[in-house]
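J.: Letter by letter, the chains look like this.
Number of protein chains: 2
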Amino acid sequence: MAPEKEVQGGVEWRVTVPEGASAVVEPRPVNGWVDLVRAWLMAAAGFGRKAWLIGADDPRKVVHGVKVGAALSLVSLFYYTRPLYDGVGGWAMWAVMTVVVVFEFTVGGCLCKGFNRAMATVTAGLLAVGVHWIASRAGETAEPVILSASVFVLASAATFSRFLPAIKARFDYGITIFILTFTFVAVSGYRVDRLLHLAQQRAYTIVIGVGICLLVCVFICPVWAGQELHLLVSGNMEKLADSLEGLAEECFMEDQGRQLPSAKSPGYKCVLNSKASEDSQANLAKWEPPHGRFRFRHPWSQYLKVTAAMRYCAYCMEALNGCVASEIKASEKMKSHLRGVCVKLSSDSSKVLKELARSIRSMEESRSIPCLVTEMKRGAQELQAALRSLPEQLMSAGGEEETTADGGGGENQRVTVSLMEGMPIITAACLLAEVSERVEGVVEAVGALAALARFDRKKAAFASVAPQDESATPQRQEV
Amino acid sequence: MAPEKEVQGGVEWRVTVPEGASAVVEPRPVNGWVDLVRAWLMAAAGFGRKAWLIGADDPRKVVHGVKVGAALSLVSLFYYTRPLYDGVGGWAMWAVMTVVVVFEFTVGGCLCKGFNRAMATVTAGLLAVGVHWIASRAGETAEPVILSASVFVLASAATFSRFLPAIKARFDYGITIFILTFTFVAVSGYRVDRLLHLAQQRAYTIVIGVGICLLVCVFICPVWAGQELHLLVSGNMEKLADSLEGLAEECFMEDQGRQLPSAKSPGYKCVLNSKASEDSQANLAKWEPPHGRFRFRHPWSQYLKVTAAMRYCAYCMEALNGCVASEIKASEKMKSHLRGVCVKLSSDSSKVLKELARSIRSMEESRSIPCLVTEMKRGAQELQAALRSLPEQLMSAGGEEETTADGGGGENQRVTVSLMEGMPIITAACLLAEVSERVEGVVEAVGALAALARFDRKKAAFASVAPQDESATPQRQEV
Chain A
1 MAPEKEVQGG VEWRVTVPEG ASAVVEPRPV NGWVDLVRAW LMAAAGFGRK
51 AWLIGADDPR KVVHGVKVGA ALSLVSLFYY TRPLYDGVGG WAMWAVMTVV
101 VVFEFTVGGC LCKGFNRAMA TVTAGLLAVG VHWIASRAGE TAEPVILSAS
151 VFVLASAATF SRFLPAIKAR FDYGITIFIL TFTFVAVSGY RVDRLLHLAQ
201 QRAYTIVIGV GICLLVCVFI CPVWAGQELH LLVSGNMEKL ADSLEGLAEE
251 CFMEDQGRQL PSAKSPGYKC VLNSKASEDS QANLAKWEPP HGRFRFRHPW
301 SQYLKVTAAM RYCAYCMEAL NGCVASEIKA SEKMKSHLRG VCVKLSSDSS
351 KVLKELARSI RSMEESRSIP CLVTEMKRGA QELQAALRSL PEQLMSAGGE
401 EETTADGGGG ENQRVTVSLM EGMPIITAAC LLAEVSERVE GVVEAVGALA
451 ALARFDRKKA AFASVAPQDE SATPQRQEV
Chain B
1 MAPEKEVQGG VEWRVTVPEG ASAVVEPRPV NGWVDLVRAW LMAAAGFGRK
51 AWLIGADDPR KVVHGVKVGA ALSLVSLFYY TRPLYDGVGG WAMWAVMTVV
101 VVFEFTVGGC LCKGFNRAMA TVTAGLLAVG VHWIASRAGE TAEPVILSAS
151 VFVLASAATF SRFLPAIKAR FDYGITIFIL TFTFVAVSGY RVDRLLHLAQ
201 QRAYTIVIGV GICLLVCVFI CPVWAGQELH LLVSGNMEKL ADSLEGLAEE
251 CFMEDQGRQL PSAKSPGYKC VLNSKASEDS QANLAKWEPP HGRFRFRHPW
301 SQYLKVTAAM RYCAYCMEAL NGCVASEIKA SEKMKSHLRG VCVKLSSDSS
351 KVLKELARSI RSMEESRSIP CLVTEMKRGA QELQAALRSL PEQLMSAGGE
401 EETTADGGGG ENQRVTVSLM EGMPIITAAC LLAEVSERVE GVVEAVGALA
451 ALARFDRKKA AFASVAPQDE SATPQRQEV
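If you're matching them up, the sequences are chains A and B in order. Under the working numbering, the first sequence has 465 at position 465, and the numbering climbs by one with no breaks. Under the working numbering, the second sequence has 426 at position 426, and the numbering climbs by one with no breaks.
Hints may be right or wrong, so weigh each one.
[What the hints assert, rightly or not] Here are the simulated DSSO-like pairs of lysine-lysine, each with C-alpha atoms no more than 27 Å apart in a straight line:
#, chain 1, residue 1, chain 2, residue 2
1, B, Lys344, B, Lys269
2, B, Lys168, A, Lys168
3, B, Lys168, B, Lys305
4, B, Lys168, B, Lys275
5, A, Lys269, B, Lys275
6, B, Lys61, A, Lys168
7, A, Lys305, A, Lys269
8, A, Lys50, B, Lys335
9, A, Lys50, B, Lys61
10, B, Lys275, A, Lys286
11, B, Lys168, A, Lys61
12, A, Lys351, A, Lys269
13, A, Lys275, A, Lys354
14, A, Lys50, B, Lys275
15, B, Lys335, A, Lys168
16, B, Lys305, A, Lys275
17, A, Lys275, B, Lys61
18, A, Lys168, B, Lys377
19, B, Lys333, A, Lys286
20, A, Lys275, B, Lys275
21, B, Lys275, A, Lys61
22, A, Lys269, B, Lys61
23, A, Lys377, A, Lys269
24, B, Lys269, B, Lys333
25, B, Lys168, B, Lys50
26, B, Lys335, B, Lys351
27, A, Lys305, B, Lys275
28, B, Lys286, A, Lys168
29, A, Lys275, B, Lys50
30, B, Lys269, A, Lys269
31, A, Lys286, B, Lys351
32, B, Lys50, A, Lys269
33, B, Lys335, A, Lys305
34, B, Lys344, B, Lys354
35, B, Lys377, A, Lys50
[Claimed, not checked] Now the in silico label distances, taken between C-beta atoms and shown as ranges:
#, chain 1, residue 1, chain 2, residue 2, range
36, A, Trp33, B, Lys269, 30 to 40 Å
37, A, Lys333, B, Arg170, 49 to 59 Å
38, A, Ala44, B, Asp456, 25 to 35 Å
39, B, Leu126, A, Ala43, 14 to 24 Å
40, B, Leu126, A, Glu444, 51 to 61 Å
FYI, nobody ran anything at the bench for these hints, they're computed from the structure. From the three backbone atoms N, C-alpha and C, an ideal C-beta is built for every residue, glycine too.
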């Protein structure tokens, strides 16, 4: 929250790494050209290092770059090869443009844009030819007026339609191409007088461009938006599980260990921050054909419900993290009383999440989920019981330690005071119970996903989430 | 989470309204053409109604559509006017394309894209001419090889560079245009032999296209990304304040009133969901010149720190909402003991947020913030005191009511049990204290914003956030 620093007589290099953290390289005074060049080289080296890290982290990104280069080289053959030049060469420019604009990282993105481009070009072309035909019948003076008016009205309406969420999500790119093509055909028709030939040429080039894009995109190391989403969801669920365990450990750790915060805990932040990429991947996955283990009409939108349930957990964990961050002053006695049940509950919840993640990743219904959920609910009940027995525990401990008791009433007084001072740890325990309850929402969402996506049942039977043992149902309102 | 319904022999219309809720229009059987037409008309009417609602909600969206239409009509004049046609008419297509692609809703978006397009075209054009010059010196056979290789290498590298977050955020569109222009010039130069003339033509058309875009965008009802962000942040802060009050009221409301949940509370969800639009607006605002009350180098990125602090509050409120949703079984006695302090604290915190929102909106430093913060801290202290005195209160109340006391120990036992049963309400109170603490983070972030943006001090003096009264500092660890 500090203002941007101005370093006098020096250069400050702030390297933003993908995760959003930033590393500041110490400024040094610049003396003449040598240092300036050195500074530039260092900046270039930093940039190169960053690029290298990104490439090393996900080599498919490098492959994507190479694929675009290959597709463009392929399409530019239309310029070099003379026979082809005489065919569509004059318009080969459009094929180049199609490749540059349509080629996306995922197959879904490529298909979405390719479809949008093709459909928008055909629709707008036909409409423009129609308008042009009407305008040409209206006489020399009226023709430009009709054409201009049609361009104005259609461009305005199409631009406005982009604000409709349903259209924005699917046809945003198509609208751009629609306006572009309509304007080109409607307006250039006034000059060129070869409208149908022009339309035919554009259709060829679109087919060539989109075809090359799809061939390269699908057949050379394809990246499927659906699979990305699938892996993102299961990966984030594992992070959530690790994070939950880490938070409980940190919160109920013995005081001497508190200097070493668990490296696991920030995992839930990934869940909080990945909504945008999940939405876009689910959107693109719908354009993709069946691939790998994903059938036709795989329930991609159900993944969004799973991630919403995960975020619901993560919000609660964020509040729990607030408890961890505050210095907890609860007596070691109270902590040790709650530590066992809390760590157990968090580990139970974490096990459920990990099993769900495994079930999603392998696309197999899990046989152990009902047991794990029952175990987690039992853990929640134990936590409630521990909370309820807390005053007695403290009382008996107090009685044992301090033998100079000043009567029962005073002791109870002390107990209630220490109870009230232990409030943050009790709040943490309650939040943990709340998280475990929200994990049940995740179980439900994943169960629906398993049913919709027809997860493999050969190895396992995914029983109902309802507890088999009625007595194990936690009485939520009491915690 | 239910699977998509298949309605046999009927049509189901699911209308998704912008907020994400969906209204399902009852399906009706389709009997022949009349009903089919009627169904289509109903769908069209539904679509029209939605469009009307969006337009009525923000008429600037309609104006934006009209602006795009006007800019396109203006640029298509280049086709109709013969003298102009002879000048750049053949390339006027590029001006049309520039207008369609560059015209964005906000001035910042338009400037960003215009700058990207212009810079990328110039850079790529110069580079391509250089490569072409080298290739033409290398002989008939080597020329296409050099050109193809340069296209391949540059397109691959440029595509990969998009994965660098810093480049993605600012120059994504520029990279597309860079690849496009480089390919065009490098490849078409092989045929056209009029490279410099071609480059000059493209420069003209870009200038014309971007010029028309900017003229229309800036001078006809401009929408500034900066102002949008400014209003979004202050508006969301007010929603957060209302929401906080609403949640506390719901949570501590008397039981007979619980059927009516406050309409205010979901406001914090706006804060949770608006990260993407805040990020993009802050990004675009940096491209904008000084406008209205915003000076050159207005600290747009500080707004993101304010919204991060607000989200930090909202996470905690989400957990609090979980408490509200659960049926709270605390005794009316306990509730009424805590109600006063909790509602006061939430109203104090809410007042702070509202004052901050007012301060941001009017861009004036607020004189009352330090007092309000002190008041809020006092409220937090009172809440702590109330929590600490809770056992005594319950004890005395229990003593008054139940005269058939079975000794002091039994009474204390009862008290501690009822204490433990009231856990959700105590957790809610603790979360409320945590929210009020996080509100201090918002105060700090807004204070930094006020300093960086030099908010108006004429009317008020924005004192330090540090409490004037040291004794008023809440002892956080005790709640």
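J.: Each hint: holds or not?
T.: Here's how the hints hold up against the structure:
The hinted pair formed by Lys344 (chain B) and Lys269 (chain B) meets the criterion: a straight-line CA distance of about 23 Å does not exceed 27 Å. Distance restraint check for Lys168 (chain B) and Lys168 (chain A): the Cα-Cα separation of roughly 21 Å lies within the 27 Å cut-off, and the hinted pair is therefore satisfied. A threshold of 27 Å between alpha carbons decides the hint, and for Lys168 (chain B) with Lys305 (chain B) the separation of about 21 Å falls inside it, so the pair holds. At most 27 Å may separate the alpha-carbon atoms for a hinted pair to count; Lys168 (chain B) and Lys275 (chain B) meet this at roughly 17 Å.
A distance of roughly 14 Å separates the Cα atoms of Lys269 (chain A) and Lys275 (chain B); the hinted pair therefore holds under the 27 Å criterion. Our distance criterion of 27 Å between C-alpha atoms is met by Lys61 (chain B) and Lys168 (chain A), whose separation comes to about 14 Å. A C-alpha spacing of about 18 Å is found between Lys305 (chain A) and Lys269 (chain A), which places the hinted pair at or below 27 Å, so the restraint holds. The hinted pair formed by Lys50 (chain A) and Lys335 (chain B) fails the criterion: a straight-line CA distance of about 56 Å is larger than 27 Å.
Of the pairs offered as hints, the one joining Lys50 (chain A) and Lys61 (chain B) is violated, with about 40 Å between alpha carbons and a cut-off of 27 Å exceeded. A distance of roughly 25 Å separates the Cα atoms of Lys275 (chain B) and Lys286 (chain A); the hinted pair therefore holds under the 27 Å criterion. For the proposed pair Lys168 (chain B) and Lys61 (chain A), the alpha carbon gap of about 14 Å is at most 27 Å, so the pair holds. Between Lys351 (chain A) and Lys269 (chain A) the CA atoms are separated by roughly 19 Å; this keeps the pair inside 27 Å, and the hint holds.
A C-alpha spacing of about 20 Å is found between Lys275 (chain A) and Lys354 (chain A), which places the hinted pair at or below 27 Å, so the restraint holds. The hinted pair formed by Lys50 (chain A) and Lys275 (chain B) meets the criterion: a straight-line CA distance of about 25 Å does not exceed 27 Å. The straight-line distance between the Cα atoms of Lys335 (chain B) and Lys168 (chain A) is roughly 48 Å, outside the 27 Å bound, and the hint therefore fails. A C-alpha spacing of about 19 Å is found between Lys305 (chain B) and Lys275 (chain A), which places the hinted pair at or below 27 Å, so the restraint holds.
For the proposed pair Lys275 (chain A) and Lys61 (chain B), the alpha carbon gap of about 26 Å is at most 27 Å, so the pair holds. Only pairs whose Cα atoms come within 27 Å are accepted, and Lys168 (chain A) paired with Lys377 (chain B) is rejected, the gap being roughly 46 Å. For the hint pairing Lys333 (chain B) with Lys286 (chain A), the CA-to-CA distance comes to about 55 Å; that exceeds 27 Å, so the pair is violated. The straight-line distance between the Cα atoms of Lys275 (chain A) and Lys275 (chain B) is roughly 10 Å, inside the 27 Å bound, and the hint therefore holds.
For a cut-off of 27 Å, the pair hint linking Lys275 (chain B) to Lys61 (chain A) stands: about 26 Å separates their Cα positions. For the proposed pair Lys269 (chain A) and Lys61 (chain B), the alpha carbon gap of about 34 Å is over 27 Å, so the pair is violated. Simply put, Lys377 (chain A) and Lys269 (chain A) have alpha-carbon atoms about 25 Å apart, close enough for the 27 Å limit, and the pair holds. Among the hinted pairs, Lys269 (chain B) with Lys333 (chain B) is inconsistent with the structure: their alpha-carbon atoms are about 32 Å apart, more than 27 Å.
For the proposed pair Lys168 (chain B) and Lys50 (chain B), the alpha carbon gap of about 33 Å is over 27 Å, so the pair is violated. Our distance criterion of 27 Å between C-alpha atoms is met by Lys335 (chain B) and Lys351 (chain B), whose separation comes to about 23 Å. Restraint check: the Cα-Cα separation between Lys305 (chain A) and Lys275 (chain B) comes to about 19 Å, which is no more than 27 Å; the hinted pair holds. For the proposed pair Lys286 (chain B) and Lys168 (chain A), the alpha carbon gap of about 25 Å is at most 27 Å, so the pair holds.
Distance check on the hinted pair: Lys275 (chain A) and Lys50 (chain B) sit about 25 Å apart at the alpha-carbon level, within 27 Å; holds. Proximity of Lys269 (chain B) to Lys269 (chain A) is assessed by CA-CA distance (about 17 Å); at most 27 Å being required, the pair is judged to hold. Between the alpha carbons of Lys286 (chain A) and Lys351 (chain B) the distance comes to roughly 46 Å, so the proposed pair goes past 27 Å and is violated. Between Lys50 (chain B) and Lys269 (chain A) the alpha-carbon distance is near 35 Å, which puts this suggested pair outside the 27 Å criterion.
Distance restraint check for Lys335 (chain B) and Lys305 (chain A): the Cα-Cα separation of roughly 35 Å exceeds the 27 Å cut-off, and the hinted pair is therefore not satisfied. At roughly 15 Å between alpha-carbon atoms, Lys344 (chain B) and Lys354 (chain B) fall within 27 Å of each other, so this suggested pair holds. In summary, the hint linking Lys377 (chain B) to Lys50 (chain A) is not supported, as the alpha carbons are separated by about 45 Å, beyond the 27 Å threshold. Separation of Trp33 (chain A) from Lys269 (chain B) is about 56 Å and departs from the stated range, judged on CB atoms against 30 to 40 Å.
Between Lys333 (chain A) and Arg170 (chain B) the Cβ separation comes to about 56 Å, which falls inside the hinted range of 49 to 59 Å. Between Ala44 (chain A) and Asp456 (chain B) the beta carbons are some 43 Å apart, a value that contradicts the proposed interval 25 to 35 Å. In this structure, Leu126 (chain B) and Ala43 (chain A) meet the distance hint of 14 to 24 Å, their C-beta atoms being roughly 22 Å apart. Separation of Leu126 (chain B) from Glu444 (chain A) is about 59 Å and conforms to the stated range, judged on CB atoms against 51 to 61 Å.
Checked against the numbered hints listed earlier, the structure breaks hints 8, 9, 15, 18, 19, 22, 24, 25, 31, 32, 33, 35, 36, 38; every other hint is satisfied.
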